[in-house]
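Peer 1: What follows is the residue order along each chain.
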Amino acid sequence: MPETTPSNVAVSVRDLTVCYGPNQVLRGVSFDVEPHEIFAVIGPAQSGKSTLLKCLNRTLELIPAARSTGTVMVEGKDVRSVKDVHALRRRVGMVAPLPVGLPLSIYDNVAFAPRAAGLRKRDELDELVERCLSQAALWDEVKDRLHTLGTKLSGGQQQRLTIARALSHRPSILCLDEFSIAIDPVTTMRIEEVLRELRREMTIVLVTNLVQQARRLGDHTLFLYNGEVAEVGKNEVVFSDRPLNSKTYDYVNGIFG
Amino acid sequence: MFTETEHGKTNRRRELLARWALGFIVATMILPLVLIVGYLVVRAWPLLSWDFLFTNPTHGMRQGGIWSALLGTLYLVTLALAIAAPVGVLAAVYLNEYARENWLTRVINLAVVNLAGVPSIVHALFGLGAFVLFANMGRSILAASLTLAIMTLPVIIASTKEALSAVPQSFREACWNVGATRWQAIRGIVLPNSISGILTGVILQVSRTAGETAPIMFTGAVFYKKIAEGDPFAYSIWDQCMALSMHLFTITTQVTDAPEALPFATAVVLLGTVLLVNTTSIIFRTVLRSHKRW
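Keeping their order, the protein sequence lines are chains A and B.
Residues in the first sequence are numbered consecutively from 1, following the numbering used here.
Residues in the second sequence are numbered consecutively from 1, following the numbering used here.
So that you can see chain A by itself, here it is in the shape it has in the complex (with noise of 0.2 angstroms):
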């Protein structure tokens, strides 16, 4: 592993360690994203994904027990000589596993983080949230009731207003943790069509249960398993019949335990 991160990553994490009080969590993880991939994390429960992404944009320091040692690049700044940690948090956008409607308006959800980042024209906005909720596939099915509340919508329909949401304060980088736990395949597939289309404008880090799921979209796939990187490398290598580690072919194959 190079000493230096170069500038053309996205994110680079060294040596990543966590800790939530006694339970060590992550143990030494090391691996880089490039900029526009889809930067797919697999790894059965408990294996710290989640926990991973936290450490991205700093929510992990929201957790009164937990603890990290190690460095965390991002777009080439360390994230804890960040002195504005909420613009580091905008840059870096989060898609939590069950969709969060805020008990606002859709429009309001939407315009939440650019209003609480300071944009307060009222044409800008509309346009900021007419193209959010294009990019996540939802402006058809709620153009016309913008101001009803975003709790109403079903499902699937709220995820892809976190989406959106998460969009609206203009992320380079996408996180999204296991958006699909709470939805159907069809909006799954709908979804994993709108990330294939956002790549080209960020990149995006995809913590997944589903193994097909990093298949059919990552460029790279970081298998995770008890803290530690079993593996990490291009899909081709990690989803082909001889990867590196023998327990991600079990991974990946179901043939784990």
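Don't read these hints as lab results, they were simulated from the structure.
Any given hint might turn out to be false.
So these bits of chain B aren't anywhere near chain A, every CB distance computed over 12 angstroms [stated by the list, open to error]:
no.	residue
1	Arg14
2	Val26
3	Arg43
4	Leu48
5	Thr78
6	Leu110
7	Ser120
8	Leu128
9	Val167
10	Thr181
11	Gly188
12	Ile189
13	Val222
14	Ala234
15	Arg285
Straight-line alpha carbon distances no greater than 20 angstroms define the calculated SDA-like cross-link-like pairs of lysine to any residue that follow [stated by the list, open to error]:
no.	chain 1	residue 1	chain 2	residue 2
16	A	Lys152	B	Trp238
17	A	Lys83	B	Arg289
18	B	Lys225	B	Asp239
19	B	Lys225	B	Gly188
20	B	Lys226	B	Phe52
21	A	Lys152	B	Gly188
22	A	Lys121	A	Tyr107
23	A	Lys247	A	Glu236
24	A	Lys83	B	Gln184
25	A	Lys152	B	Pro192
26	A	Lys121	B	Gln184
27	A	Lys152	B	Gln169
28	A	Lys152	B	Pro168
29	B	Lys225	B	Trp238
30	A	Lys83	A	Ala117
31	A	Lys152	B	Arg289
No experiment lies behind these values; they were computed from the predicted model shown.
Just so you know, even glycine gets a beta-carbon here, dropped at the ideal spot from N, CA and C.
Chain A is already provided as a structure; the job is to place chain B on it using the hints.
Peer 2: This is chain B only, laid out in the frame that chain A set:
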């Protein structure tokens, strides 16, 4: 098909029993309340009139109305809650949203819970020492209101914290994830969605503040005071005042040969004032709650 089993019969009997038993208990709770209020109104009836509300007591409080006591209570309750509600709500916001989980926070929380259980007469002595004497406010509406405010603060803090923690944590996380500050999340999401619960806690304190006698007896309430009749600004906050709860106590225990209906009428007015304030707040809260959004 669908024949009733022994187990099904037992379940049905139990269900019926539970329904009737619980219903009966609710009835035994409501009945005394209705009886008490009804009895009060019937006994007070001969004296109840607008004049009774808007004239001062006369003839050693054996005749006349209760204007100075009614206005005094309104001043005390309003001022006490105007002090306690914002301080209590903001303190609860700090404790629930900002404070980290450490020994200091735990000590503060423990103190809040214990303060809520301190008898009102102790608060009265504290108010006498701190506000009347030490802060040199003298016996006044201000000192009495501050004492009442101190008394209600812990309860408001506790109920507000309860309302705040009822807002799902995932809402806050969603806000933080899009780069919102803690305050933006509180202002935009947490407070609007807990305001009805917060108000409930504050409303409950209205009746307590109006009914307490001990804390104001030492700090600002007086036996008798004559003020301009019908003038809502007849008191200044540096004045001493009469109060309904204390007035009721006085005319039942200290004044002999007062007309029988007088204490009942005073009680009805006290009750009516509390009910009026509560009803207004509950309507206000219902309007807010209809905007609750998840």
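Peer 1: Does each hint fit the structure? Answer for all of them.
Peer 2: Evaluated hints:
No beta-carbon of chain A comes within 12 angstroms of the beta-carbon of Arg14 of chain B; the shortest separation is about 37 angstroms. The Cβ of Val26 of chain B sits about 33 angstroms from the closest Cβ of chain A, beyond the 12 angstroms cut-off, so the non-interface label holds. Annotated as non-interface, Arg43 of chain B keeps its C-beta farther than 12 angstroms from every C-beta of chain A; the closest such distance is 49 angstroms. Its beta-carbon lying about 46 angstroms from the closest one in chain A, Leu48 of chain B satisfies the requirement of being farther than 12 angstroms from that chain.
Annotated as non-interface, Thr78 of chain B keeps its C-beta farther than 12 angstroms from every C-beta of chain A; the closest such distance is 32 angstroms. The beta carbon of Leu110 of chain B sits about 19 angstroms from the closest Cβ of chain A, which is more than 12 angstroms, so the claim that it is off the interface holds. Residue placement check: Ser120 of chain B keeps its beta carbon more than 12 angstroms from all beta carbons of chain A (closest about 37 angstroms). Chain A leaves Leu128 of chain B outside its interface by the beta-carbon criterion, the shortest separation being 42 angstroms against a cut-off of 12 angstroms.
Once the 12 angstroms rule is applied to beta carbons, Val167 of chain B is inconsistent with being away from chain A; the minimum gap is 9 angstroms. With a least CB separation of 6 angstroms from chain A, Thr181 of chain B falls inside the 12 angstroms interface cut-off, contrary to its annotation. Some Cβ of chain A comes within 12 angstroms of the Cβ of Gly188 of chain B; the nearest lies about 7 angstroms off, and the non-interface call is violated. At roughly 6 angstroms from the closest C-beta of chain A, the C-beta of Ile189 of chain B falls inside 12 angstroms, breaking its exclusion from the interface.
Val222 of chain B, annotated as away from the interface, keeps every beta carbon of chain A farther than 12 angstroms; the closest lies near 49 angstroms. Remark: the non-interface label on Ala234 of chain B is consistent with the geometry, its nearest Cβ contact in chain A lying 45 angstroms away (cut-off 12 angstroms). Every C-beta of chain A lies more than 12 angstroms from that of Arg285 of chain B, the closest at about 17 angstroms, which supports listing it as non-interface. Among the hinted pairs, Lys152 of chain A with Trp238 of chain B is inconsistent with the structure: their alpha-carbon atoms are about 53 angstroms apart, more than 20 angstroms.
Among the hinted pairs, Lys83 of chain A with Arg289 of chain B is inconsistent with the structure: their alpha-carbon atoms are about 39 angstroms apart, more than 20 angstroms. A C-alpha spacing of about 10 angstroms is found between Lys225 of chain B and Asp239 of chain B, which places the hinted pair at or below 20 angstroms, so the restraint holds. With a C-alpha separation of about 47 angstroms, the suggested pairing of Lys225 of chain B with Gly188 of chain B is violated against the 20 angstroms cut-off. Proposed proximity of Lys226 of chain B and Phe52 of chain B is supported: the alpha carbons are some 14 angstroms apart, at most 20 angstroms.
The straight-line distance between the Cα atoms of Lys152 of chain A and Gly188 of chain B is roughly 19 angstroms, inside the 20 angstroms bound, and the hint therefore holds. At most 20 angstroms may separate the alpha-carbon atoms for a hinted pair to count; Lys121 of chain A and Tyr107 of chain A meet this at roughly 14 angstroms. Straight-line distance between C-alpha atoms of Lys247 of chain A and Glu236 of chain A comes to about 16 angstroms, which keeps the hinted pair within the 20 angstroms bound. Our distance criterion of 20 angstroms between C-alpha atoms is met by Lys83 of chain A and Gln184 of chain B, whose separation comes to about 18 angstroms.
Of the pairs offered as hints, the one joining Lys152 of chain A and Pro192 of chain B holds, with about 18 angstroms between alpha carbons and a cut-off of 20 angstroms not exceeded. The suggested pairing of Lys121 of chain A with Gln184 of chain B holds, with an alpha-carbon distance near 18 angstroms, which does not exceed 20 angstroms. A threshold of 20 angstroms between alpha carbons decides the hint, and for Lys152 of chain A with Gln169 of chain B the separation of about 19 angstroms falls inside it, so the pair holds. Of the pairs offered as hints, the one joining Lys152 of chain A and Pro168 of chain B holds, with about 16 angstroms between alpha carbons and a cut-off of 20 angstroms not exceeded.
Distance hint between Lys225 of chain B and Trp238 of chain B is fulfilled; the C-alpha atoms sit about 14 angstroms from each other, no more than 20 angstroms. For the given pair, Lys83 of chain A sits about 15 angstroms from Ala117 of chain A by alpha-carbon distance, which is consistent with the 20 angstroms threshold. Only pairs whose Cα atoms come within 20 angstroms are accepted, and Lys152 of chain A paired with Arg289 of chain B is accepted, the gap being roughly 16 angstroms.
Against the hints set out earlier in the document, violations occur for numbers 9, 10, 11, 12, 16, 17, 19.
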